[in-house]
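**Q** Sequence:
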Amino acid sequence: MEWIVREVDADNAIWVAAARVQDTATAEEDPFFGWRLRVRLPLRPEPPSYQEILNRYYKPEHYGKLTPTFHLRSHANKIDHVGMTGRASLAETGTFRAHSLRSGEWIDFDAFRKTTHYKLYFQIPGILDRMTIGLPVTERCESFFMIDRYRRKGKSPKRIFTREETSLAGFAARSVPALHRRLLLGNGLLAGDKLFSPAEQRILSLLLDGRSEKEIADAMGQKTPTTHKYVMTIYNRYGVKSRASLLALWLGGSSRDSLP
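So for the sequence shown, this note's numbering puts the first residue at 1; every next one is plus one.
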């Protein structure tokens, strides 16, 4: 992400994971086609005012469950809050894609800038242009990079991404499939759409680091039997029975048929 930001003269990059939580047959009427965003990790800190907007609107809209209330809130006269960019990108799941917001080749930017979504997530934080790069990892998991340029004082307002810059960033993101797979593995998403808790993520990291359960318990401030339960939960999520199988899965082995 640092490399991409530097090479295309961007200001920030965000990694996002999406999981399918509803089958295609019943997802046609859903605003996100049965997909929900599960992780959002920015490379650099975002303004506190923008974080507040994300906590108030972004998380409930994107991380919310598929309920009738959500469906009604997201459709009809409020569809603009869902976001043309999210819908456009999730409509292309299963294929690699790299688009820039203002290229004129992806969405109708003039129409988009009139929406509530644009005001909340682009105008207020000062995002001038954004690349969205999407990569399928499995049939039920997708990995995204969003590369942002902010408005800068003294810079032309037409400082937008070129087609060549978008192609370069897309090529870089597409060239590291193991990275996307491990990012999803580390959050528990290749074993379902439920995220690992912070404790589970830390224990997973310590397991992969070769720590014994006693050492992990000491590091976590837990009793060893408690840590053992966490370890067994992690193994069950990944469909493995040992640390060796977990490591093989992490390194690209095939310890579970449903994982690539």
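Just so you know, the hints here were simulated from the structure itself, not pulled from any lab data.
Do not rely on the hints blindly, as some may be mistaken.
[What the hints assert, rightly or not] Only pairs whose alpha carbons sit at most 27 Å apart, straight line, appear in this in silico DSS-like list of lysine-lysine:
(1) 214 <-> 241
(2) 114 <-> 153
(3) 229 <-> 194
(4) 241 <-> 229
(5) 194 <-> 153
(6) 241 <-> 194
(7) 229 <-> 214
(8) 223 <-> 194
(9) 241 <-> 223
**Q** Run through the hints listed earlier and report the numbers of any the structure violates, in increasing order.
**A** 5
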